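In the order they appear, the protein sequences are chains A and B. Its first residue numbered 1386, the first sequence is counted upward by one per residue in my numbering. Its first residue numbered 552, the second sequence is counted upward by one per residue in my numbering.
The list that follows gives simulated cross-link-like pairs (lysine-lysine, DSSO-like), each with its CA atoms no further than 27 Å apart:
no. : chain 1 : residue 1 : chain 2 : residue 2
1   : B       : K602      : A       : K1815
2   : B       : K622      : A       : K1778
3   : B       : K598      : A       : K1815
4   : A       : K1660     : A       : K1532
5   : A       : K1658     : A       : K1609
6   : B       : K622      : A       : K1794
7   : A       : K1778     : B       : K638
8   : B       : K638      : A       : K1691
9   : A       : K1815     : B       : K655
10  : A       : K1637     : A       : K1623
11  : A       : K1794     : B       : K619
12  : B       : K619      : A       : K1778
13  : A       : K1794     : B       : K602
14  : A       : K1445     : B       : K656
15  : B       : K655      : A       : K1445
16  : A       : K1445     : B       : K598
Since the hints were made in silico from the structure, they are not lab data. For clarity, every value in this text was computed on a predicted model and none was experimentally measured.
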Amino acid sequence: MSKNTISRRQSLQLLGGAGAGLLSLSMPAIAQQNAGRVVVVGGGFGGATAAKYIKRLNPKVQVTLVEPLQRYYTCPFTNLHFGGLRTFEQQGHNFNELRAIGVQVIHALANDVDNKKKTVTLAGGRVLNYDKLVLSPGIDIRWGALKGYDQAAAQLAPHAWQAGPQTMLLKQQLDAMPDGGTFILVAPDNPFRCPPGPYERVSMVAHYFKTRKPKSKILVLDAKENFSKQGLFLDGWKKFYGEMIEWVPLSKDGKVVRVDAKAREVETEFGKKHKASVLNVVPPQKAGFIADRAGVTAQSGWVPVKAQTFESSQVADIYVAGDATVAAPMPKSGFCANAQGKVVAGAIVASLAGQQAPKASWANTCYSLIAPDYGISVAGVYEEQDGKIVEPKGSGGVSPREASAEFRKLEADYGVAWYNSIANDAWGTKA
Amino acid sequence: MSFRIKRLCSMSAAVLLLIGGAAHAQSALDVSVLAGSCANCHGTDGKSNGKIPTIAGRPAPTLAAMLKAYKGETPPPGTTIMNRLAKGYTDEQIDALAKYFSEKK
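My request is simple: use the sequences and hints to build the entire structure.
Next comes the structure, spelled out in structure tokens:
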């Protein structure tokens, strides 16, 4: 095996030497009629990227993307919609580019996976066969994990943690709220989708209040003691919003244990009740349900993967990207999902051609906007070592605590530029 | 760091031994995966559609020199995240990335 592998690696290198544009590997194994069938479930950052990059690496692989929505809306950047800085539509992306490069896109819900027969069953009964399956199902809400917070409650006290009708509902409620009201955001314990997300949302709601409803208050009830980019957020809140935002950590009785959505009231661990004009509950989460059906979800509710390839550690030939995975120290971010989608694409194309998986490498940058022209970031680089995901020493970190107005403005601008770039990289769309 | 370099060297030695010629331990696929993270901000194949600079088609020595400057303790004026990111890559990886993007037209 090793001899064969090496000679293929050699060919790859020669190809690379001749021009890295020739990554469409014209290897004997993949010149065959059937270069392999890949089904990708989920058209978000992870799934769309994996589908595109598999096609880029080897156009002969048959790739089918299953995504219920004709137009996919990202959760990243919807916070700016609450701040009145972007429309909701600006976060919508179509699948035209994926179709143009030969990906078969099916708009349906994937209902079930048989990991022995290697099939995916769609709502309506259609069955797709796969050699390799990519799941990028994002998160599902753990309904009922927080007492009183079920699907009906979310219609009154939205989570808006999956972009779509929930986002619009929260926006309508904020618009309808009278000046002098109280917005309460309930923040969950780790791990959850988009660690800086709740705090950027609070910043953007504060910006909206400051410009439209200046007598209003914001209360953040947090199940944690610390949060992402905490120092930078607290500094920024004070600078722009004074006393408007109050953040209550776990140790100050910040953990909400019961939600009464009808009364828009929450109760904390030590029995304190807080009443909101608009109540936004970011609830406990888990991997999307199709991961359960495929048998790749662990008891934690999340999907453990082999670090080098992001193939499930429980089921062969199923690869998982994005928020559904256990990938710490990588955060559950759109950037990481995109980076993981590329590692999955490389691993699948190599495996289908009988080659060794490429060396994995990922990066992350999460921008958060505290006020217009005032952005902050956290960045990280990740690699695989001895089966674990690690950060090279000295790399990564957050924006400096002391920085000029120009620096914050640059990071605000780069945040928007990043969103445009990643949208183009994943879906080929202009945001 | 030294472990990573050592590992790269020993991989190079093994590959040289077995295939007698090609000098790089990183395959083209390895480098394309490494470069994948750059595309996230700099655009697919390093071609940006906005404020973040395009890196495709720029001379490899220029790209390599910039990335190594970002790694240093006094990065160029106006640097925001690149010094935090560049510190995550070895000089060998930087050279491979510079070559990869210089060849994208």
